[in-house]
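Student: Given the coordinates of chain U, assemble chain V onto it according to the supplied hints.
Read top to bottom, the protein sequences are chains U and V. With the first letter of the first sequence counted as 1, position 230 gets the number 891 in my numbering; the numbers rise by one all the way through. With the first letter of the second sequence counted as 1, position 222 gets the number 223 in my numbering; the numbers rise by one all the way through.
Hints in this document: simulated from the structure, not taken from any laboratory. No incorrect hints appear here.
Derived, one-sided and incomplete: chain V residues facing chain U with beta-carbon distance under 10 Å:
1. Asp62
2. Ala81
3. Thr84
4. Ala86
5. Leu87
6. Phe94
7. Phe96
8. Ile102
9. Gln118
10. Asn122
11. Arg125
12. Arg161
All figures in this text were calculated on a predicted structure; none of them were measured in a lab. For glycine and all other residues, C-beta sits at the position ideal for the given N, C-alpha and C.
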Amino acid sequence: MLKFLLLAFRNVFRNRRRTVMTLLMVGGGVAGLLLVGGFFAFMFRGLRESTIRNGLGHIQIFNAEHFRRDEVHVLDAGISDWQRVAANVRSAEHVRGVAPRIEFYGMLSNGVKSSVFMGSAVDPEAERAMSFSPRLASGRDLAESASGEIEALVGTGVARSMSVKVGDGLTILAVTADGALNGIDVQVVGIVNTGFKDLDDRYLRITLPSAQRLLQSDRVTNLVVGLDKTENTDAVAAAFTPRLRGLSQEMTMKKWIDLAAYYKQVRTLFSGIFLFLGIIVFFMVLMASVNTLLMAMMERTREIGTMLAMGTPRPWIVALFMLEATITGILGAVVGLVGGNLIGVALNASGLHLPPPPGLSVEMAFRVLHVPALMIVASVMVVVSLALASILPAVRASRLQIAEALAHV
Amino acid sequence: MKRTDALVNVEEVSRRFALDHSAVTALDCLTLAIDRGEFLTISGPSGSGKSTLLNLIGCIDKPTNGRILIEGVDTSRLSASQTSALRREKIGFVFQTFNLIPVFTAAENVEYPLLVQGISNAERRRRVAEALENVGLSARANHRPDLLSGGERQRVAIARAIVHRPALILADEPTANLDTRNATQLIELMRDLNRTLGLTFVFSTHDQRLLEHTPRIVRLTDGRIESDTSTEIASHAQVFAASVS
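Chain U extracted, bound-state conformation (with noise of 0.2 Å):
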């Protein structure tokens, strides 16, 4: 019915200053979707990666006991034969490198005052290797093989408490493996910002064999392996799980997300506020809209009348007003996507920032990504909304006594 159709699309354009407003209202919210929902998408982006290369990998071996069991003493439930382990994920596809960690606590001191700390061993390169640097506020990262001193990071916390800067010694004390009480003095070569105020509190980073030395273990905690891409995660865990098969103990592997707690709840918070937000337009839109189309109908009572005289079938009627709304909805989506990604191109190049939300400590980039489900998701609620809208008024307009919309003035 393409003269149906015509109808239709020409009386979208009747009155074309309240259809403006209606594709403003309309694409207003589309856009505002779009850009908050590209934030949030950004933010999370930024979060995940950040979460990934602060250290978490994407996925990481671990001693199946490590998750059965509490270790009675440190690395008991760690991997024992992990260069074997690290050798046959390293050879698998989208594989950048393979990292052993060591984490453990103990106390620091300065000689005058002690503070707990949690304490992650690397190997350097290995790290450096898969972009796991540390995010280093002063000083050098740690050397791959430190011969006379042995080197530490700290956090800025552990800094600013301890009063130690770069070149200065501090004594760790820590459990070994056996049970013993051990310690070794190191030198801080490097002040780390981890980004997470709690974090930077009690935040220690020493080589592999230093830890190995100072835990009296020559196991691992796990393995962190480190991909070329994260979309990757899934089909590289899958390739894993042959080779993670006949070895000494039994291996499992988590993925990151499966690690991420943060992560997660940041985005299941956010995810909340932009489904709270899109109720709110959604609802916006529809109210907004069953009003103009009240009125679009008020003024074609007589019109109404004179195709119900002619013997216009009432559901046709119903179907002009829904055809009418869902057409200013599709416009109205289309206006909202061309100006919400303008916006947002617009707002990427003026490189602002946002201040450093609760419990970070560096400034935020505002970026809006370009997400095409979002866009298509926030066209199809703004087009449902204006099809739903048009209910109420197209109903009426098909229930209206043909005699009396005649004589309507």
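Tutor: Below, chain V alone, put in the same frame as chain U:
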């Protein structure tokens, strides 16, 4: 008086409208028969029931009492969709204020009743061209109503009313919004279509210019038929025949 061969039979029809605390009788037990090919005027002062009668004949209103038959079909027994189909196929409407669809061109307005009937594109084009030619508006086919004069708009409305070849064309005060020249031209056009195409025209008016061209005039007063020239002629003929014999 019911005539089985009549196109329209209005049988003892009354129409009352309820107001807040009272009721107004617009038509009071009215009976009327309209033949095929007639050119009938319903006249009378404002409030006499002209428009109400046209609305009832056009099936866009229902009588309080009585019944109306079109081509022998009792319209009061039809469902809403059957009534709609009857209007679509059998009746053409011409309104005082033209009532054209403003976003359609003249040709598209004329095409609309055919569109509603589901007639094919080629046939629609042919009939629209023919209807516009009948009303002398072929050259204005692609103009929208706001670019046409009042007389031209009403001619488009007539083309729209005749394009689907209805059995009956109802026109409610068709010349009320036209100047004398346009009104006269319109009356002549309708009369011409009545004669050449055999179309049945029924219209309401109190315009004397129109009455002069009308062979049959039904005068209404207070919802009743005050006079009907066809019965007067018939009775005069009977008197004449009796006196001759």
